[in-house]
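**Student:** Based on these hints, arrange chain B on the given structure of chain A.
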Amino acid sequence: MSRRIIVPFGPQHPVLPEPIHLDLVLQDERVVEAIPSIGYIHRGLETLVAKREYPEYVYIAERTCGICSFIHGMTYCQAVEQVMNLEVPERALYLRTIWSEYSRMHSHLLWLGLFADAIGFENLFMASWRLRESVLDVLEETTGGRVIQGSCKVGGVRRDIPGETLDRMVGDLAGFERDFKEIANVFLRDESIIARTRGVGVLSHGDAYHLGAVGPTARGSGVAIDLRKTGYAAYGKIHFKPVVETDGDCYARCAVRVKEVFSSIDIVRQAAAKIPEGEIEVKPKGNPNGECFSRAEQPRGELVHYVKGDGSRHLVRSRIRTPTLTNVPPLVKMLAGCELADVPVIVLSIDPCIGCMER
Amino acid sequence: MTHLSKSPWILHYDASSCNGCDIEVLACLSPLYDVERFGIINTGNPKHADVLVITGGINEQNRQVVQNLYNQMPDPKVVVAVGICASSGGVFRECYNVVGGIDCIIPVDVYVPGCAARPESIIDGIVRALSILEEKKRMPAHGRATGGGER
Numbered sequence: 142m143s144r145r146i147i148v149p150f151g152p153q154h155p156v157l158p159e160p161i162h163l164d165l166v167l168q169d170e171r172v173v174e175a176i177p178s179i180g181y182i183h184r185g186l187e188t189l190v191a192k193r194e195y196p197e198y199v200y201i202a203e204r205t206c207g208i209c210s211f212i213h214g215m216t217y218c219q220a221v222e223q224v225m226n227l228e229v230p231e232r233a234l235y236l237r238t239i240w241s242e243y244s245r246m247h248s249h250l251l252w253l254g255l256f257a258d259a260i261g262f263e264n265l266f267m268a269s270w271r272l273r274e275s276v277l278d279v280l281e282e283t284t285g286g287r288v289i290q291g292s293c294k295v296g297g298v299r300r301d302i303p304g305e306t307l308d309r310m311v312g313d314l315a316g317f318e319r320d321f322k323e324i325a326n327v328f329l330r331d332e333s334i335i336a337r338t339r340g341v342g343v344l345s346h347g348d349a350y351h352l353g354a355v356g357p358t359a360r361g362s363g364v365a366i367d368l369r370k371t372g373y374a375a376y377g378k379i380h381f382k383p384v385v386e387t388d389g390d391c392y393a394r395c396a397v398r399v400k401e402v403f404s405s406i407d408i409v410r411q412a413a414a415k416i417p418e419g420e421i422e423v424k425p426k427g428n429p430n431g432e433c434f435s436r437a438e439q440p441r442g443e444l445v446h447y448v449k450g451d452g453s454r455h456l457v458r459s460r461i462r463t464p465t466l467t468n469v470p471p472l473v474k475m476l477a478g479c480e481l482a483d484v485p486v487i488v489l490s491i492d493p494c495i496g497c498m499e500r
Numbered sequence: 357m358t359h360l361s362k363s364p365w366i367l368h369y370d371a372s373s374c375n376g377c378d379i380e381v382l383a384c385l386s387p388l389y390d391v392e393r394f395g396i397i398n399t400g401n402p403k404h405a406d407v408l409v410i411t412g413g414i415n416e417q418n419r420q421v422v423q424n425l426y427n428q429m430p431d432p433k434v435v436v437a438v439g440i441c442a443s444s445g446g447v448f449r450e451c452y453n454v455v456g457g458i459d460c461i462i463p464v465d466v467y468v469p470g471c472a473a474r475p476e477s478i479i480d481g482i483v484r485a486l487s488i489l490e491e492k493k494r495m496p497a498h499g500r501a502t503g504g505g506e507r
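Protein sequence lines, in the order shown, are assigned to chains A and B.
With this note's numbering applied, the first sequence covers 142 to 500.
With this note's numbering applied, the second sequence covers 357 to 507.
Just chain A, same shape as in the assembly:
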């Protein structure tokens, strides 16, 4: 038995696109314990509610995270709308659903690429990111922004998608689906990916539940929670099943995300078929007075926005709880007992979004 040593991992590390620091306690090549420390990108943006009026704060909420920015803006708007009892027009709810699903596709493709890169499969990274550009093109065409969309507002959405554009988007999805099937096939069947991910970083169903895992991390361990099933935006009128895998290893988490891209394609098709004509926004009257928790399913899991207003133009408090924060305790659990060389793959497998986590 050799003595224990501590290897620092991060904040700047080749595999990490973002800074997080882990102290890895090693015995030989095996990780005994992982101690995370965070705060490298903490900005303190929740306090900006005191300096920005509530309609302006949507921009700050969106900039919590550049990957799922639309969903952040939408969740914040939902919370304020609930406080103000605003009835958002049906068409706006469908548009929010469509943009949320495009955000999910772009986020999952981004993650699949980074995951392939962490494994050392650079070609697959390139293939995933090339396909992701076609999703970004749609987002840019319909909202004006590639990664920060700014298309959600309190009371509805800022832009409409014309009928013919929507038809073309649905038509293009067929080609996207065909191309994605090729990539999905590699992720699910390639020998080298299976060798690196099967049985690596296992999180049991019980641990996932008790440690509060959310999103694909929880669903990969058989915990069937998907906030979209609560029926916010237009999800209540769309048929889909949460994607669940039961193995709880890195392969299962990867498989959940691969299958969720297909489910997103299906949701966009259904939403485009059902979207009604009509207004896309209502003008908010007065100021928010009261408090509300609003939840939504981000690509990484459950996102919670809390707002509290006192009847003035400025909110009193905003609180954001992001999925990566709740996925860190499960990550620490997965890392205990793994080999040092598997650490990058396991860290990536929860899809860490540190920008979100530290706000």
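In short, the hints are calculated from the structure, not lab data.
Simulated coverage check for chain A against chain B, where a stretch passes if three residues somewhere in it have a Cβ under 8 Å from a Cβ of chain B: (1) 185-198; (2) 205-213; (3) 279-291.
Note that CB positions come from ideal geometry on N, CA and C, so glycine has one too.
**Tutor:** Relative to the frame of chain A, chain B by itself:
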């Protein structure tokens, strides 16, 4: 790009960005923008890098990290601040934990605007940084900044 004499390697660090600029920096490497055709490689090791690309502003905890990365890079080196947060603090400059842009602790050669900065403007910024790098190479060694420059 004819003035390039070497393949410049890039070190990317996320100071306190929202990720928007980071994923656009990575998008530059993807086949659509493909900066690798210029010989540009994204490295993780500061001692291999010629260009330091930073997204996001400086906060209290990452101040030392950015300083260390800059000091570890060999001379001559250039720094590119990508996005409005790295340039001035951006929408977050009034946050309690944000000190300001990158230039409050290390000298910046090129500022790339945008929130999030587009891949085209990032590539443009890096190409501009490369010509500054070439100029610095021609300067005698004693004329170069020796690192850790406070401003």
